[in-house]
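Q: Read off the chains here:
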Amino acid sequence: MIFNSEISGQQQHTTSPVVTGGSVIALVYNGGVIVGTDTLCSYGSMATFKNVQKIAQISKNTIYASSGEFSDFQQVVKELAKIDRSALQYDDGVHPSPKDYGNFLARLSYKKRCKINPLYLQNVIAGFHNGERYLGLVDIYGTYLESNFITTGFASYFCKAIIANYWNENCTLDQAKQVIRECFKVLFCRDCRAHDVIQLAYVDAQGAHIEEPERVETKWDFNGFKSRANEKLHTQ
Amino acid sequence: MLKHLYDTDCVTWSPQGKLFQVEYAMEAVKQGSICLGLKSNEYVVLCSLKRQPSELAGYQEKQFKIDDHMAIAIAGLTADARVLCKYMRTECLEYKYTYESHHPVGRLVFKVAEKSQHKTQSGAKRPYGVGLLVAGIDPNGVHLFETCPSGNYYEYKCQAIGSRSQAARTYFESWFHLFEKSTLEQLILHGLSALKKAIMEDEELNERNVEVGILGKNQKFIHLNAQELKDYIVKLETFNANTQIQQE
Chain A
0 MIFNSEISGQ QQHTTSPVVT GGSVIALVYN GGVIVGTDTL CSYGSMATFK
50 NVQKIAQISK NTIYASSGEF SDFQQVVKEL AKIDRSALQY DDGVHPSPKD
100 YGNFLARLSY KKRCKINPLY LQNVIAGFHN GERYLGLVDI YGTYLESNFI
150 TTGFASYFCK AIIANYWNEN CTLDQAKQVI RECFKVLFCR DCRAHDVIQL
200 AYVDAQGAHI EEPERVETKW DFNGFKSRAN EKLHTQ
Chain B
0 MLKHLYDTDC VTWSPQGKLF QVEYAMEAVK QGSICLGLKS NEYVVLCSLK
50 RQPSELAGYQ EKQFKIDDHM AIAIAGLTAD ARVLCKYMRT ECLEYKYTYE
100 SHHPVGRLVF KVAEKSQHKT QSGAKRPYGV GLLVAGIDPN GVHLFETCPS
150 GNYYEYKCQA IGSRSQAART YFESWFHLFE KSTLEQLILH GLSALKKAIM
200 EDEELNERNV EVGILGKNQK FIHLNAQELK DYIVKLETFN ANTQIQQE
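Going down the list, the sequences are from chains A and B. So the first sequence is numbered by numbering that gives the first Met the number 0: it starts at 0 and just counts up by one. So the second sequence is numbered by numbering that gives the first Met the number 0: it starts at 0 and just counts up by one.
Calculated from the structure, these hints are not laboratory results. Careful, some of the hints might be misleading.
Below, a list of computed lysine-lysine pairs in the DSS-like style, where the Cα atoms sit at most 27 Å apart [to be verified]:
#: 1; chain 1: B; residue 1: 216; chain 2: B; residue 2: 234
#: 2; chain 1: A; residue 1: 59; chain 2: B; residue 2: 95
#: 3; chain 1: B; residue 1: 110; chain 2: A; residue 2: 110
Pair ranges (Cβ atoms, derived) [said to hold, decoys possible]:
#: 4; chain 1: A; residue 1: 112; chain 2: B; residue 2: 100; range: 14 to 24 Å
#: 5; chain 1: A; residue 1: 131; chain 2: B; residue 2: 50; range: 43 to 53 Å
#: 6; chain 1: A; residue 1: 112; chain 2: B; residue 2: 234; range: 35 to 45 Å
#: 7; chain 1: B; residue 1: 88; chain 2: A; residue 2: 169; range: 35 to 45 Å
#: 8; chain 1: A; residue 1: 210; chain 2: B; residue 2: 100; range: 44 to 54 Å
#: 9; chain 1: A; residue 1: 70; chain 2: B; residue 2: 219; range: 39 to 49 Å
#: 10; chain 1: A; residue 1: 109; chain 2: B; residue 2: 54; range: 49 to 59 Å
#: 11; chain 1: B; residue 1: 110; chain 2: A; residue 2: 216; range: 50 to 60 Å
#: 12; chain 1: B; residue 1: 229; chain 2: A; residue 2: 131; range: 15 to 25 Å
#: 13; chain 1: A; residue 1: 169; chain 2: B; residue 2: 227; range: 39 to 49 Å
#: 14; chain 1: A; residue 1: 12; chain 2: B; residue 2: 49; range: 53 to 63 Å
#: 15; chain 1: A; residue 1: 12; chain 2: B; residue 2: 100; range: 51 to 61 Å
#: 16; chain 1: B; residue 1: 227; chain 2: A; residue 2: 86; range: 49 to 59 Å
#: 17; chain 1: A; residue 1: 171; chain 2: B; residue 2: 100; range: 35 to 45 Å
Quick reminder that beta carbons are idealized off the backbone N, C-alpha and C, glycines included.
Model the full assembly from the supplied sequences, consistent with the hints where possible.
A: Written as structure tokens, this is what we have:
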């Protein structure tokens, strides 16, 4: 990835993101791994792009999602897909495992961080390979972690309690989905840059499945809201 | 024959469609001392006969570890072999640095073959004068490859290259149908038996001039030490190839 600015010597550095995506939540369950994101890309505080797919399928058994600068997400998807495609030229049927992608992304992120020009992302790689579930987190600095559950962005603050209380690593797919839906419900209430339409994707022994977007259930018909909206309150 | 008209460099074809310089490079491989490899479902074994330049000298090593899961045995110009060995080791290291996993074997052999081919298509270069037997394990299974100065590579169940290797190949042809299910010990004894076929009458196998390397799905590449080699060479006396057991 060489840009004209690099050649001319006037390197532009990413100092702040422009179009951003929200939190990503990823969990393992008994048959694989599941990732959830919302479908919003914000332009600062403006909810501009409301129907964006932020989970990409990289290979047959690997998916990738990230929060942060969306153009960086798109570029990373291209880079990872390039690796998967390059496997074809060797004709040996060997494809990178999800862990290989995770490590590659960690090396890439670290390299760009060292040039003070980071990929402004918190990345999640999820996959299922040889019967093993894989969840990897790569952050903006190139830190690489593997875990049973991963949260990025505001989800790290609001959702860990929900995950701790309602999820375990051997739960069913439906239970894991419910936990993620509950998390995004809370996020929509608390995170200003969150959206109530989410998308789930899971990888199991059969491969990757990306579901259609769904709206989380939210409740707004509280009596308190209704009575506050009563005009009489505001007349003297 | 008018070979000498067409054999000056790599960029000249002969009327019969041959590149003589490449063929001459393959001759260099045939001059090297023998090395052979054979594989089962779980293990690959490399056996080589080491040459001693003179009484005062040590024996030239012929097997080199590329990575935990891969090793090569060489026949031909040792200096050229060292270049390829360094290249393979570097590629494995870089792959491991980027992906934290082992370089797929076939892919590395492909890269070596590509590098070798490059040397056969230039007026200013010469082909590598070494043939490699590459033993490796990866998610696709257990592998044994041969590379040539021509840039071709082939996958084998068992193969011998170098001086008098035809005798070893003849042994393999009779017994290779057994190798798939052989134990490690049987595989080593088959390898040494094949090696024995290829030595001269006044030579004998001993722990100084024989090199045996083993690689398995759960076994990183190691050389057998002097004592183990001695024991195997003794077992060789009573090894029956057909039944694969020791016979009195």
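Q: Determine for every hint whether it applies to the structure shown.
A: Hint by hint, here is what the structure shows:
A distance of roughly 25 Å separates the Cα atoms of residue 216(B) and residue 234(B); the hinted pair therefore holds under the 27 Å criterion. A C-alpha spacing of about 22 Å is found between residue 59(A) and residue 95(B), which places the hinted pair at or below 27 Å, so the restraint holds. Straight-line distance between C-alpha atoms of residue 110(B) and residue 110(A) comes to about 25 Å, which keeps the hinted pair within the 27 Å bound. Between residue 112(A) and residue 100(B) the C-beta distance comes to about 23 Å, which sits within the given range of 14 to 24 Å.
For the hinted restraint 43 to 53 Å between residue 131(A) and residue 50(B), the CB-CB distance of approximately 47 Å keeps it satisfied. Between residue 112(A) and residue 234(B) the C-beta distance comes to about 57 Å, which lies outside the given range of 35 to 45 Å. Here the CB-CB span from residue 88(B) to residue 169(A) is close to 42 Å, well matched to the stated 35 to 45 Å. Checked against the given bound of 44 to 54 Å, the beta carbons of residue 210(A) and residue 100(B), roughly 30 Å apart, lie outside it.
Distance hint check: the CB atoms of residue 70(A) and residue 219(B) are about 44 Å apart, consistent with the given range 39 to 49 Å. Taken as a hint, the range 49 to 59 Å holds for the pair residue 109(A) and residue 54(B), whose Cβ atoms sit roughly 55 Å apart. Take residue 110(B) and residue 216(A): their Cβ atoms lie about 54 Å apart, and the range 50 to 60 Å holds. Our hint of 15 to 25 Å for residue 229(B) and residue 131(A) is violated, since their Cβ atoms are close to 43 Å apart.
Under the hint 39 to 49 Å, the C-beta atoms of residue 169(A) and residue 227(B), about 46 Å apart, fit the expected range. In this structure the hint that residue 12(A) and residue 49(B) lie 53 to 63 Å apart at CB holds, the actual value being about 57 Å. With their beta carbons about 32 Å apart, residue 12(A) and residue 100(B) fall outside the hinted range of 51 to 61 Å. Range check, residue 227(B) to residue 86(A): Cβ separation about 39 Å, and the 49 to 59 Å hint is violated.
Taken as a hint, the range 35 to 45 Å is violated for the pair residue 171(A) and residue 100(B), whose Cβ atoms sit roughly 31 Å apart.
Checked against the numbered hints listed earlier, the structure breaks hints 6, 8, 12, 15, 16, 17; every other hint is satisfied.
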